[in-house]
Amino acid sequence: MLPNRSYRSGPQAHAMRQPWTIFAATVLMLIALATSASAHAVTPGDAGYIQEIFGVHVISFIYLGAKHMITGYDHILFLLGVVFFIYHMKDVAIYVSIFAVGHSVTMILGVWYGWGINAYIIDAIIGLSVVYKALDNLGAFQKWFGFQPNTKAATLIFGLFHGTGLASKILDYQIAEDGLLGNLLSFNVGVELGQLLALFVILIVMGYWRRSPNFMRQATVANVIMVLLGLLLTYQQVMGYIGLHAHV
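For the sequence shown, the positions run -41 to -1, 1 to 207 when mature numbering (1 follows the signal peptide of the UniProt record, and there is no 0) is used.
Worth double-checking, as some hints may not be accurate.
Derived DMTMM-like pairs: lysine to aspartate or glutamate, alpha-carbon spacing no greater than 25 Å straight-line [to be verified]:
#, residue 1, residue 2
1, 111, 136
2, 111, 50
3, 26, 131
4, 26, 136
5, 111, 131
6, 49, 151
7, 102, 131
8, 111, 137
9, 26, 151
10, 26, 95
11, 49, 95
Pair ranges (Cβ atoms, derived) [as the list claims (entries may be wrong)]:
#, residue 1, residue 2, range
12, 202, 175, 36 to 42 Å
13, 111, 175, 39 to 45 Å
14, 50, 105, 39 to 45 Å
15, 176, 133, 47 to 53 Å
16, 169, 204, 43 to 49 Å
17, 116, 201, 24 to 30 Å
18, 106, 140, 20 to 26 Å
19, 14, 116, 33 to 39 Å
20, 137, 105, 50 to 56 Å
If you are wondering where the hints come from, they were derived from the structure by calculation, not from laboratory data. C-beta atoms are modelled at their ideal positions from N, C-alpha and C, and glycine is treated no differently.
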């Protein structure tokens, strides 16, 4: 007789629960961040440093870029959504590269040419990008509208918005023109390194989690939570925009 697999106990059950526990803890941390910080906020210390330096500072800007990516919970949520149901590394590389190209182009060009967009508006759109991707993972567009959006095109488009959000924040701190291009390229390298580190952690957790017999059911719950987090981010930015103009 085959063993009953509907009940698991001991080390095996603990191993199956670990990825879901890690995901839940991560979501709680993201909720805490979302209720207390702006998605693209630059810390006062970093802002002061950006404003005061002149010339090219490669290592410093690589560090700042990596720090931004790792602490940018909106980026992490969208990246998680993009790779959630991608099982082959080749496809992961394609989608992550598309996202990287999108946010690199608008970040560098946005700062270089001074394309500024209200931070509340762009961050609200970024929040909606998380909502979109989670709904896509839930199959909502096919269920509700009978069609499947082009996921690669959507990843590129939202990547452009993510880069624009960062560019808008950098412009607020009036980075010096002396060494601007070198510092921007260094910052972008840091962003990509941070993205690779975040992706590495995500793929490890997802790899273990997908082995769980309850993965698909838990994945539905996880993506619903991501929808709610995206809506929370969007709501915060919309209310911030309304509050800003209410005092003008």
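For each hint, the structure was consulted:
Our distance criterion of 25 Å between C-alpha atoms is broken by residue 111 and residue 136, whose separation comes to about 34 Å. Of the pairs offered as hints, the one joining residue 111 and residue 50 holds, with about 11 Å between alpha carbons and a cut-off of 25 Å not exceeded. Among the hinted pairs, residue 26 with residue 131 is consistent with the structure: their alpha-carbon atoms are about 18 Å apart, no more than 25 Å. Restraint check for residue 26 and residue 136: the C-alpha separation of about 22 Å stays at or below 25 Å, so the hint holds.
For the hint pairing residue 111 with residue 131, the CA-to-CA distance comes to about 31 Å; that exceeds 25 Å, so the pair is violated. Between residue 49 and residue 151, the direct Cα distance comes to roughly 18 Å. Compliance with the 25 Å bound is thereby established for this hinted pair. For a cut-off of 25 Å, the pair hint linking residue 102 to residue 131 is broken: about 42 Å separates their Cα positions. Distance restraint check for residue 111 and residue 137: the Cα-Cα separation of roughly 36 Å exceeds the 25 Å cut-off, and the hinted pair is therefore not satisfied.
A C-alpha spacing of about 11 Å is found between residue 26 and residue 151, which places the hinted pair at or below 25 Å, so the restraint holds. At most 25 Å may separate the alpha-carbon atoms for a hinted pair to count; residue 26 and residue 95 exceed this at roughly 29 Å. With a C-alpha separation of about 20 Å, the suggested pair residue 49 and residue 95 falls inside the 25 Å cut-off, and the hint holds. Distance hint check: the CB atoms of residue 202 and residue 175 are about 41 Å apart, consistent with the given range 36 to 42 Å.
At about 24 Å, the CB distance of residue 111 to residue 175 disagrees with the hint of 39 to 45 Å. A hinted range of 39 to 45 Å for the beta carbons of residue 50 and residue 105 is inconsistent with their spacing of about 25 Å. At about 50 Å, the beta-carbon gap between residue 176 and residue 133 stays in the expected band of 47 to 53 Å. The hinted range of 43 to 49 Å is satisfied by residue 169 and residue 204, whose Cβ atoms lie roughly 46 Å apart.
Between residue 116 and residue 201 the CB atoms are about 26 Å apart, so this pair conforms to the stated range of 24 to 30 Å. Taking 20 to 26 Å as the suggested C-beta distance range, the pair residue 106 and residue 140 does not conform, at roughly 42 Å. One distance hint, 33 to 39 Å for the beta-carbon pair residue 14 and residue 116, holds here, with the actual separation near 35 Å. The hinted window of 50 to 56 Å between residue 137 and residue 105 holds, with their beta carbons roughly 55 Å apart.
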